[in-house]
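These protein sequence lines are chains Z and R, in that order.
In terms of the working numbering, the first sequence opens at residue 2 and continues consecutively.
In terms of the working numbering, the second sequence opens at residue 5 and continues consecutively.
Worth flagging that the hints you see were computed from the coordinates, not collected in a lab.
One or more hints might be untrue.
Computed footprint of chain R on chain Z; a stretch qualifies when at least three of its residues, placed anywhere within it, have a C-beta under 8 Å from a C-beta of chain R [what the hints assert, rightly or not]: (1) 24 to 31; (2) 92 to 104; (3) 149 to 159; (4) 210 to 222; (5) 546 to 559.
Each computed DSS-like pair below joins lysine-lysine, with the alpha-carbon atoms no more than 27 Å apart [said to hold, decoys possible]: (6) Z:Lys-330 / R:Lys-23; (7) Z:Lys-516 / Z:Lys-24; (8) R:Lys-90 / Z:Lys-316.
In this text, a Cβ means the ideal position worked out from N, Cα and C, and glycines have one as well.
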Amino acid sequence: MSLLLLLLVAVILYGIRLMSSPKTAVRGNALGALAMLGAVLLTLTSEGILTYPILWAGLAVGTVLGYFAAVKVLMIQMPQMVAVFNGLGGGASALVGLILAFQGEGSSAFAAFATGLAIVVGALTFSGSAVAAGKLHGLLKQRPVELPYHSTIVGIVIALTALALIPAPSMTVGLVQLCLALVFGILLTMRVGGADMPITISLLNSLSGAAGAVAGFPLKNPLLVAVGGIVGASGLILTQIMCRAMNRSLISILTGRTTVRSRELPAVPQADKETSEAPAHQVGTTWQEALQTAERVVIIPGYGLALSQAQWKLKELIDLLEAQGRQVKIGIHPVAGRMPGHMNVLLAEADVSYDHLHELEDTNEMLPETDVAIVIGANDVVNPAAIEQPNTPIYGMPIIRADLAKHVLVLNYDTNPGYAGVPNPLYDAEHASLLLGDAKESLEAVIAWLKSREEPTVDAAASLEQEAETFRAARMLAGAQSVIIVPGYGMALASAQLQVKQIADCLQERGADVKIAIHPVAGRMPGHMNVLLAEVDIPYDLLYDLDVINDQFGSTDVALVVGANDVVNPAAQTAEGTPIYGMPVLNVHEARQVVVCNLDRSPGYAGVPNSLYDMPHCLFVPGSASQTLADILTALRQFI
Amino acid sequence: MSDFLLIVIFAAAAILGYKIISEVPSLLHTPLMSGMNALSGITVVGALAATAGAVTLGSRLLGFVAIVFATINVVGGFAVTHRMLKMFRSGGGGN
C-alpha cells in the first residue's frame, strides 16, 4: 500500500521532469493524468468504497464537465480557465475540510487545526480564483478596486480568521471559517488587477496545492499531502519568478501598490529625456525607411497581442520578414501577458517555432545590434521609465530595452500609460514611430506595406516558385519507373479525378508502373475514392487496399499524394497522444520521392500537423488539386 | 500514519518538487502551471474518502459537490494542458 503510494508520487515527479522539454512534455502530462487515475482507483479499493454510487456519480459528472470545458475553451481564454479549475480544486479541499468539521473529527489538536486550515486556504483559493477569473474574463473591472480602509478591513479579517482556527472543529466553527476565508479571498484579489495577474494566478495555484496538502493531514492521506506539497512548491516557484521579473514584492502586489492612482501621476520629466544618452539611433526615420533596410528585427509582444488575437498575423509577419532574408527574433518578457508563459502559449498556438523566442537577458544583449524593434501591445515591460525615473512604481523592474534598437516601431492601441500608470517616454523618442490602433490591423498594415514594396518581385517569385514546383514534380514523375497515386478528400473537393486519370494514363504510356493506393477512410464515406475513380474510368485493378500496398512504397520511385492528409501522416506512427496515433496510414513517406498536391500545409481533419510535408524527399505543391495536376500534366507532356 | 511522518512527507515532496520544477523552462510555464493545477485536484482522493465516511445527508451532498469540483479540476486541467502542449513545435517544422 505505502509502496504503491510511493510509486504514484514517483510517477508524478517523473512526469513533471518530462515537462522540462517540449518534446517530452506531452508524455509527462499523460503520466501525471495516469498517476491521478491510479490514485483514485487505489483510494476506492483500499478504503473499500468501490461500490458507493454517489462517488461514481460525482466522478462521472466532474469528468464530463471538466472534459467539455477543456475542449471548448478558446486559447485566448486560457488564463481564466486555469483560474476556474484552480478555484474548483481549492473549493473541493474546503468542502472536504467542512465535512470533517461537521463530524467533529480530529483525533489530535494538530488534525483539528489542519481541518480548519484546509477550510480557510481552500475557501480563499476558491473565492480568490473566482474574482481573478471574473477580472480576466472581463466580467469584473480589470483595475484594482479598493474599499475605504481596505488594509484595515483585511487586517481585521485576517485576525478573525486566525481566531476562528483556534476552537475545536464543529459545524458552527467550520461555517465561520468558511465565510471569513471567502471574504478574505475576495478582499485579497479585488485589489489586484491587470498586469499583476500572472503573480496572483501563480499564488492561487500554490494555495490550491497547499489546501489539498492540509486536507490530507486530518485524513491521514500521504498521497494528498505529498502531491499537495509538490503543487504548493511549484506555485511558489512561479510566484517567485514572476515577482522577480517585475521587481515587486508579493506584499506590494497584494496591497495593490503597483499602479499609480491618477491623482499622483508623476509629471513626465521632459528634461530627463533630453539628457539621457542617445546611442546611434536612426533619428527621424519613418518605420518604412527603417524596415526597408533592416537586417535584424526583434519583436516584443505583450498583452495587446493576446487581446486583439493577432498572433496569426504576427506569424505571417515573421514568415514574410524571414522570406525577405531578414533575421527575426522574439523577445519575451517574463510577465508579458496575464499568466506565466502567456506569450509563449499564444505564439505556439500560431505555430511560431520556439527557437525564435528569447528571454529577457538574451533579448537585451541583442537589442543594441538590432535594426528595428517591433513592440506589439506591450507597454510597461518596455518602458524606459523603469530605468530613468526613480519616482515611479515601475522603477527597478527589469524591462526589455526596445529603446536601444536603432529604430522602434510601436504597435499599441493608444499612447495611454500601461497598467502601472506610468507614461512611456519611448512613445516620444526620436527614433520611435507609432502605429496606433488594434494590433491586428496595424500588423496588417505593416504586412501590406512590406508586400507592396516588393510586389512585382514577390509575385513573380511566387509564381515562378509555383511553376518550378509543378515543373519539378513533372520531372520526378517523368523519371519514375514506379508511381503510386494516393487520393484523398481533397481530390473529391477539387474534382481532380479526371486529372488523376490523365496523369496515370500519361505515365503508363511511358511504360511506368502506376498503382493507386486507397486508404479505407480516405474521403467522407466508405469507398468514396473508389467511386470517384470509377467515375473517370480508372480500372479497379489499379486500385490497391492499404494492407496490400503498404509494403510496396519502399520500392516505389514516386508517391503522388492528391488531397490526402491524415491518412498519409507519419505522425500517426510516432506522435503519441495525438488523436491519430495508432491509426493505420499509408506509408507514403517510404517512397524514394513524394509529391504532395494539397491545398495548403494546414493540418487535416484530425488537427495533427503532417510531418510528411517537411521531409527532405517530399515536394509540396500547394493549391487546388485540379489546377496543380493540370499544370504537372502539361509539364509532363513536354518531357515525353 | 503519525502526524509527524505526514509532515516529513509533506516537506520531502515539496523540496523534491521544488528542485524538479525549477528545471522547467519559461517556455513551458503555462502548461506547467496548468498541469500543476490539474494535480491540485488530487484532493479528489480526500473528497472520495470523506464522502464515503460521511454520516449525514448534508455532508454527503457536500462531499458529492467536492468530488465534482475536484474531478473537473483534474480532468479539465490535464485535458487543457494536453491541448496546449500539442501546439508547441520546434523549428524544422513550419517553414
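Hint by hint, here is what the structure shows:
1. Look at the segment 24 to 31 of chain Z against chain R: 6 of its residues bring a Cβ nearer than 8 Å to a Cβ of that chain, three or more, so the hint holds.
2. With 10 residues having a beta carbon nearer than 8 Å to a beta carbon of chain R, the segment 92 to 104 of chain Z meets the requirement of three or more and the stated coverage holds.
3. Remark: the segment 149 to 159 of chain Z is not confirmed as covered by chain R, as 0 of its residues place a Cβ nearer than 8 Å to a Cβ of that chain, below the required three.
4. Check on the segment 210 to 222 of chain Z: 10 of its residues sit with their Cβ under 8 Å from a Cβ of chain R, so the three-residue criterion for coverage holds.
5. Counting residues of the segment 546 to 559 of chain Z whose C-beta lies closer than 8 Å to any C-beta of chain R gives 0; at least three are required, and the coverage claim is violated.
6. Note on Z:Lys-330 and R:Lys-23: the hinted pairing is violated, with a Cα-Cα distance of about 30 Å set against a maximum of 27 Å.
7. Between Z:Lys-516 and Z:Lys-24, the direct Cα distance comes to roughly 37 Å. Violation of the 27 Å bound is thereby established for this hinted pair.
8. For the suggested pair R:Lys-90 and Z:Lys-316, the alpha carbons sit about 18 Å apart, so the restraint of at most 27 Å is met.
Against the hints set out earlier in the document, violations occur for numbers 3, 5, 6 and 7.
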